[in-house]
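According to our numbering, the sequence shown is numbered sequentially starting from 669.
Think of the hints as simulated: they come from the structure by calculation, not from any bench.
Hints may contain errors.
In the DSBU-like style, the derived pairs of lysine-lysine whose C-alpha atoms are separated by at most 30 Å in a straight line are [what the hints assert, rightly or not]:
(1) 800 x 727
(2) 799 x 727
(3) 713 x 738
(4) 727 x 713
(5) 799 x 738
(6) 727 x 738
What follows is a set of in silico ranges between Cβ atoms, one per label pair, in the way DEER data are often shown [what the hints assert, rightly or not]:
(7) 784 x 679: 19 to 29 Å
(8) 756 x 734: 16 to 26 Å
(9) 722 x 787: 17 to 27 Å
(10) 695 x 743: 15 to 25 Å
Even for Gly, the Cβ is constructed at its ideal location relative to N, Cα and C.
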Amino acid sequence: MTILVGYTPSPEGMAAVDFAIEQARAFDEALLVLNAGIGEAHEEKGIATAEDLRELGDKLQAAGIRQELKQFLRGNDPVEEILALAEATPEVRMIVIGSRERSLVGKLIMGSTAQRIILGAEVPVVSVKAKKS
Numbered sequence: 669m670t671i672l673v674g675y676t677p678s679p680e681g682m683a684a685v686d687f688a689i690e691q692a693r694a695f696d697e698a699l700l701v702l703n704a705g706i707g708e709a710h711e712e713k714g715i716a717t718a719e720d721l722r723e724l725g726d727k728l729q730a731a732g733i734r735q736e737l738k739q740f741l742r743g744n745d746p747v748e749e750i751l752a753l754a755e756a757t758p759e760v761r762m763i764v765i766g767s768r769e770r771s772l773v774g775k776l777i778m779g780s781t782a783q784r785i786i787l788g789a790e791v792p793v794v795s796v797k798a799k800k801s
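Assemble the whole structure, with the sequences as input and the hints as a guide.
Below you can see the structure in the form of structure tokens.
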């Protein structure tokens with residue numbers, strides 16, 4: 669089986685990756701890590717740079733688990749990309765995402781990415797918070 673991780677270069681994104689690595693080790697599963705965004709600008713929030721991806725790839729290699737790292741920048745919403753990849757990959761048994769606290773106004777204006785994934789996924793979704801400093 670496979671664990672799909674929605675990755676962003678942030679403390680929340682790394683918390684999701686760390687949790688997924690623990691789960692993959694515990695249950696001898698593979699990780700499929702996805703960074704996705706519309707991709708219209710390299711500074712787009714949530715888009716991993718080449719350096720971010722290299723560091724993440726090194727971390728995944730060092731973890732000693734089966735893993736694959738993908739980045740989709742093809743104009744689609746990241747939620748759509750995560751849900752489509754989960755649907756197209758029947759061995760995905762869980763989606764892991766990072767989450768952060770948002771104000772009510774922020775949720776109203778922008779919607780909640782985590783909520784959209786949780787409601788749209790056909791498999792369980794684990795939302796992981798970053799450790800407080």
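_Holds or violated: residue 800 and residue 727, Cα atoms, limit 30 Å._
21 Å, holds
*Taking 30 Å as the top limit, are the C-alpha atoms of residue 799 and residue 727 close enough?*
18 Å, holds
_Supplied distance hint 17 to 27 Å, evaluated on CB atoms of residue 722 and residue 787_ = 33 Å, violated
*Taking the CB of residue 784 and the CB of residue 679, does the distance hold inside 19 to 29 Å?*
21 Å, holds
*Falls inside 15 to 25 Å, the C-beta gap from residue 695 to residue 743?*
Between residue 695 and residue 743, where Cβ atoms are some 35 Å apart, the hint is violated.
*Please work out if residue 713 and residue 738 have their alpha carbons no farther apart than 30 Å.*
Given that 30 Å is the threshold and the Cα spacing comes to 17 Å, the pair holds.
*asked:* Tell me if the straight-line CA distance from residue 727 to residue 738 falls inside 30 Å.
replied: Distance ~15 Å between residue 727 and residue 738 Cα, so the pair holds.
_Range agreement (Cβ of residue 734 with Cβ of residue 756, hint 16 to 26 Å)_ = Hint holds: Cβ distance 18 Å, inside 16 to 26 Å.
*Taking 30 Å as the top limit, are the C-alpha atoms of residue 727 and residue 713 close enough?*
At roughly 22 Å apart (the allowed maximum being 30 Å), residue 713 and residue 727 satisfy the hint.
_30 Å limit on alpha-carbon distance, applied to hinted pair residue 799 and residue 738_ = Holds. Residue 799 to residue 738 sits at ~25 Å (cutoff 30 Å).
Hints 9 and 10 from the list above are not met by this structure, while the remaining hints are.
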